[in-house]
Amino acid sequence: MSSLYLMIGALCCFALAYRYYAAFIAAKVLMLDDRNIAPSISCNDGQNFVPTNKWVVFGHHFAAIAGAGPLIGPVLAAQYGWGPGFFWILLGSVFAGCVHDMIILFASYRHQGQSLSVIAERDVGKITGGVTAIVILLIIIIALAGLGVAVVNALFNNPWGVFSIAMTIPIAMIVGVYMFKIRPGAILSGSIAGFIMVILAVLMGPYIAESSLASWFTFSKKEVSVLLPVYGFCAAAIPVWLLLAPRDYLSTFMKIGVIAALGVGLLFVNPTIKMPFTTQFMSGGGPIIPGPWWPYVFITIACGAISGFHALIGSGTTPKMIEHETEITMIGYGAMLTEAFVAVMALLSAITLNPSDYFAINTSAAVYAKLKMAVIDLPVLSQLVGLDVAHRPGGAISLAVGMAHIFANVGEGLRHTMKYWFQFIIMFEALFILTTIDAGTRVARYILQDILGYAYKPFGRKDWIPGTVVCSALVSSAWGYLLYTGDISSIWPMFGVTNQTLSALALAIGTTIILRIGTKKIYALVTLIPCLFVTVTTFTAGIMNVQMYLAKGMLLNAWLSIGVIILVVIIIEENFRAWLRLLKTDKPIGMNVDREVVYCPYIPADAPPDARP
Amino acid sequence: MILPATLKMRDCQMVTISPEAQDHAMKNGGELYLEYIVLQSGCCIPYQPGPVVRFGRPHNPARFLAAAMEGITVFVPRELPNVPLQITVNSFMGFKRLIVEGWRHA
Chain A
1 MSSLYLMIGA
11 LCCFALAYRY
21 YAAFIAAKVL
31 MLDDRNIAPS
41 ISCNDGQNFV
51 PTNKWVVFGH
61 HFAAIAGAGP
71 LIGPVLAAQY
81 GWGPGFFWIL
91 LGSVFAGCVH
101 DMIILFASYR
111 HQGQSLSVIA
121 ERDVGKITGG
131 VTAIVILLII
141 IIALAGLGVA
151 VVNALFNNPW
161 GVFSIAMTIP
171 IAMIVGVYMF
181 KIRPGAILSG
191 SIAGFIMVIL
201 AVLMGPYIAE
211 SSLASWFTFS
221 KKEVSVLLPV
231 YGFCAAAIPV
241 WLLLAPRDYL
251 STFMKIGVIA
261 ALGVGLLFVN
271 PTIKMPFTTQ
281 FMSGGGPIIP
291 GPWWPYVFIT
301 IACGAISGFH
311 ALIGSGTTPK
321 MIEHETEITM
331 IGYGAMLTEA
341 FVAVMALLSA
351 ITLNPSDYFA
361 INTSAAVYAK
371 LKMAVIDLPV
381 LSQLVGLDVA
391 HRPGGAISLA
401 VGMAHIFANV
411 GEGLRHTMKY
421 WFQFIIMFEA
431 LFILTTIDAG
441 TRVARYILQD
451 ILGYAYKPFG
461 RKDWIPGTVV
471 CSALVSSAWG
481 YLLYTGDISS
491 IWPMFGVTNQ
501 TLSALALAIG
511 TTIILRIGTK
521 KIYALVTLIP
531 CLFVTVTTFT
541 AGIMNVQMYL
551 AKGMLLNAWL
561 SIGVIILVVI
571 IIEENFRAWL
581 RLLKTDKPIG
591 MNVDREVVYC
601 PYIPADAPPD
611 ARP
Chain B
1 MILPATLKMR
11 DCQMVTISPE
21 AQDHAMKNGG
31 ELYLEYIVLQ
41 SGCCIPYQPG
51 PVVRFGRPHN
61 PARFLAAAME
71 GITVFVPREL
81 PNVPLQITVN
91 SFMGFKRLIV
101 EGWRHA
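So the protein sequences, as listed, match chains A and B. Residues in the first sequence are numbered consecutively from 1, following the numbering used here. Residues in the second sequence are numbered consecutively from 1, following the numbering used here.
Don't read these hints as lab results, they were simulated from the structure. Some hints here could point you the wrong way.
Stated by the list, open to error - Each computed DSSO-like pair below joins lysine-lysine, with the alpha-carbon atoms no more than 27 Å apart:
1. A:Lys126 with A:Lys521
2. A:Lys587 with B:Lys27
3. B:Lys96 with B:Lys27
4. B:Lys96 with A:Lys221
5. A:Lys28 with A:Lys372
6. A:Lys274 with A:Lys372
Small disclaimer: the values here were computed from a predicted structure and weren't measured.
Input sequences plus hints: build the corresponding full structure.
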């Protein structure tokens, strides 16, 4: 079958979902209304709450939520065949992931850009708020350290990658100063200039790597492990308009541009799908993912369909920059749909490889020998990329080979450029991840400030400089420590399930919010159904993982996983009691947003004009 | 206790231990084990964590090979890929800890 059918089918599905389902949620369920003043306006502090053009916010949000997950997860899930991964990306993103991102972004917007734990504390209860704060801080620190490992592995001894990525920092600052200070609102000219500079940085990379300047951009693993948290600190502490927002925005050009180019490449090359609909590994025993397709295909694809990490961005940086409430549809639902399309393209790049080549890349030599398969195109592919790509598990290499293979086959004359494309895609993966790290560190700072704000109120103010510096230093040191010492290895195995469990938690909170504001109780099914599915799936995976940890004597992971499961049970139980209570009310009681907040007043939609800033 | 399989140093070439790590291990009971797991799901990065070293005896010794090394017993998971690894000492802020070096993260 032609891979074009899947690509076009996915595009049609996403277009329909955005046109009808997202519009239904916006108009009927959430009743988005631009008369609700944005926190970026009512709380504008010029540092964290900054009214920002919707395309820049979209770029930031997409860059922050789209880490390596949509690239790597679908490639690994291709082990089960193309069917399970493809249909989960479609259904999961449309009915779960996009809804999840949209409802949390909406909730945070209405709560003056506060974090998920504050929303939970106000709209569900104090226990849920406190427990959510612990869970999300744990998850985000683990996530940042784990993502850091991937970037370190991609950038050590890689002057091309370091140069190109490092150059995006000064370029972003120039663009930020231009778009926000010199010519506020000049998005088009700033974007064009920034885009050209980023492309130049990428094109110059190979020349820098072969020049005498290469030593300036060549770092060991330890050095990159120190530089990354330092960068994370800067991205978290300095005003959002200066570095984070423009850098993520510019990175999104490259991210979406490469994926769009891959789509065009597919149109030209029209490769056939070589992976079967399902493989013999559906019930477990696979060489890449040992577990059965359910629940592990859902855990593995993660951000390609739904991810709890998105709730942290949606209640972190993004709601503090949106200018109008109706933009939540495009940014919350639309960015996740875009990420799902990235996941579809990553899946296509894997399933158009010969299955024997795919497994040869993604398994060790010993495991591959047991499969009794014979490689087909792998020797030629290795020769074309200038590297023996056999037995390099993890998903990154097979993705790079698959994408480079498509690009290089657009025309006969391009075939010899496959080596260049391969290196470009490896750097592209690092870029994808780094934008998640910088935004994630800033979000972790906000979460920590919210927690410390309970003990000492000024910490709750995001514009309080000592709080900003201390919390930025604490969170970047925490994940930097796990990265530098390698201790992340001890706890990373629990991350996949824990991250998906967070999405169940966020959907439960979303259900409570819809029951509070919805004109019809039945609208709560929009979040309740995906919440139930994700909860059952992640709890099953969690229990299977705990059994495995105990069998292997990995007590730290076992106890941490049990702890997270118990905490989430507590949260869902409190939500469940809130649902029962809310189902008995005749009219919507509204969200609990009229309570005094530390630094900016809530302005209701029907407030007189002179009450607005 | 009867070890499931006791290997001499020469039989377990894939794991070695540095002299500093030996001293540190001796001060902490003389028994070490490596924790290793093949991730059940690939979320969300291309990263298969390497083995982690812990003091003491594993919860389920039958899953391990026990290697006697210079007076230290190191329990190595049977499913650990055959790559050369070294247990060394790492010092961070004055705190000494054992780490495993040589793992190439996937």
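Enumerated hints in conflict with the structure, sorted upward: 2, 5
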